[in-house]
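Colleague: Residue strings, one per chain:
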Amino acid sequence: MEGNIGELGQYIGVGLTAIGMGGAAIGVGNVAGNFLSGALRNPSAAASQTATLFIGMAFAEALGIFSFLVALLLMFAV
Amino acid sequence: MAIEAQGEATGLSFHPMEQFIVRPLFGDGPVHWYTPSNVTLWLFAIVLATLALLVLGTRGRAIVPSRSQSIAEMAYGMVHKMVADIAGKDGLKYFPYVMTLFMFIVFANFLGLLPMAFTVTSHIAVTGVLALSVFLTVTAIGFIKNGAHFLDLFWVRSAPLAIRPVLAVIEVISYFVRPVSHSIRLAGNMIAGHAVIKVFAGFAAIAAVAPVAIVAVVGMYAFEILVAFIQAYVFTILTCVYLKDALHPSH
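As you go down the protein sequences, you meet chains A and B in turn.
Numbering-wise (UniProt numbering), the first sequence opens with residue 1 and increments by one.
Numbering-wise (UniProt numbering), the second sequence opens with residue 1 and increments by one.
Just so you know, the hints here were simulated from the structure itself, not pulled from any lab data.
Since we're looking at a predicted model, the values are computed, not measured.
Among the clues, some could well be false.
To be verified - Covered by chain B, according to a simulated footprint, are these stretches of chain A (three or more residues, beta-carbon under 8 Å):
1) 5-12
2) 22-31
Said to hold, decoys possible - If the Cβ cut is set under 10 Å, some of the chain B residues that face chain A in the computed set are:
3) Met17
4) Met82
5) Ile86
6) Leu153
7) Val156
8) Ser181
9) Arg185
10) Ala187
11) Gly188
12) Asn189
13) Met220
14) Gln231
15) Tyr233
16) Val234
17) Phe235
18) Val241
We put the CB at the ideal spot given by N, CA and C, even for glycine.
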């Protein structure tokens, strides 16, 4: 058991950023699920909305990527 | 620096982040801006691949297209339709720029998936310049096309007067965060995907979990091929959305 307390906190922080992954998972799942439920009600309109689907997914996913970025910064930049 | 220092500490036989280090092509010394590095090599490969597909691939101009010609036509048609649908007919003037972005990113992502390759788009410096150039171009187009009316983008007229200043602050912040999220989305996806593949590949050195790890690498690789295309698509589509905001700022 050696090493300093700052490093310990750094690694705990990196682990905690994995929670952000769960948030992004909920977000992306919500977008895809709602798209699918809408698409099954009106399949003829689904094809024209795939671009909107990807934009929505990209926005939801970006915040999960931000938590990954925080993890990277904690690991390599701090 | 930090990667080499921590390389000993991890149990894997190589560090998953090692693949993103910029190295000089000849010998090893410090990397200056003029040093030919692995980034230079792969940027060159991207340009060659784009030229090969779009120039050599369509050289035959056949009525019944060959395989390479039909891929090039599909890419052209897809981006053209995307610009026309989202940015509108007057956005088609900027189609060459959007097409260039798409071809660069899609080839950077796909060539980065080759074994031992270097993924250019995994570096925030590359995606940051791409996103910043989109941001500056779109802002300039907005002010040139609409003048002061471009600021209507931040002044939401459909909302009640009382909450418009609050909305304006939020809109301004979200406008300036655009290049950040635009660049980090692409770089982050590339870093994360490639690092996950390397982590599973590192587990393959441990005999007990090797079969699971190899199956996982294959699965992640297939997923990364999908992600490589989708991230290029998303980058391009967001460029079109920003272009639409610049051309038609009123909500």
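Colleague: Compare the structure with each hint and give your call.
Modeller: The hints, checked one at a time:
1. A stretch counts as covered by a chain when three or more of its residues have a beta carbon under 8 Å from one of that chain; for the region 5-12 of chain A and chain B the count is 0, and the coverage is violated.
2. For the region 22-31 of chain A, the proposed coverage by chain B is not satisfied: 0 residues have a C-beta within less than 8 Å of a C-beta in that chain, short of the threshold of three.
3. Interface restraint check for B/Met17: the shortest CB-CB distance to chain A comes to about 7 Å, inside 10 Å, so the restraint holds.
4. A least Cβ separation of about 7 Å between B/Met82 and chain A falls short of the 10 Å threshold, and the interface hint therefore holds.
5. With a cut of 10 Å, the hint placing B/Ile86 at the interface with chain A holds, because the nearest CB-to-CB distance is about 7 Å.
6. Of the supplied interface hints, the one on B/Leu153 is violated, with its beta-carbon coming no nearer than about 17 Å to a beta-carbon of chain A, more than 10 Å.
7. Restraint check, B/Val156 versus chain A: the minimum CB separation of about 19 Å is more than 10 Å; hint violated.
8. Checking B/Ser181 against chain A by beta carbon gives a least distance of about 5 Å; that is within 10 Å, so the hint holds.
9. At a threshold of 10 Å, the smallest CB-CB gap from B/Arg185 to chain A is about 5 Å, leaving the interface hint in force.
10. A hinted interface residue such as B/Ala187 counts as satisfied when its beta carbon comes closer than 10 Å to some beta carbon of chain A; here the least separation is about 9 Å, so the hint holds.
11. The interface hint given for B/Gly188 holds, since its Cβ lies 4 Å from the closest Cβ of chain A, which is under the 10 Å cut-off.
12. At a threshold of 10 Å, the smallest CB-CB gap from B/Asn189 to chain A is about 6 Å, leaving the interface hint in force.
13. About 15 Å separates the beta-carbon of B/Met220 from the nearest beta-carbon of chain A, more than 10 Å, and the hint is not met.
14. For B/Gln231, the suggested interface contact is upheld, since its CB lies about 8 Å from the closest CB of chain A, less than 10 Å.
15. For B/Tyr233, the interface hint holds, since its Cβ comes within 10 Å of a Cβ in chain A; the closest pair sits about 6 Å apart.
16. For the restraint placing B/Val234 at the interface with chain A, the shortest Cβ-Cβ distance is roughly 4 Å, inside the 10 Å limit, so the hint holds.
17. Interface restraint check for B/Phe235: the shortest CB-CB distance to chain A comes to about 9 Å, inside 10 Å, so the restraint holds.
18. Interface restraint check: B/Val241 against chain A, minimum CB-CB distance 7 Å, threshold 10 Å, status holds.
Checked against the numbered hints above, the structure violates hints 1, 2, 6, 7 and 13; every other hint is satisfied.
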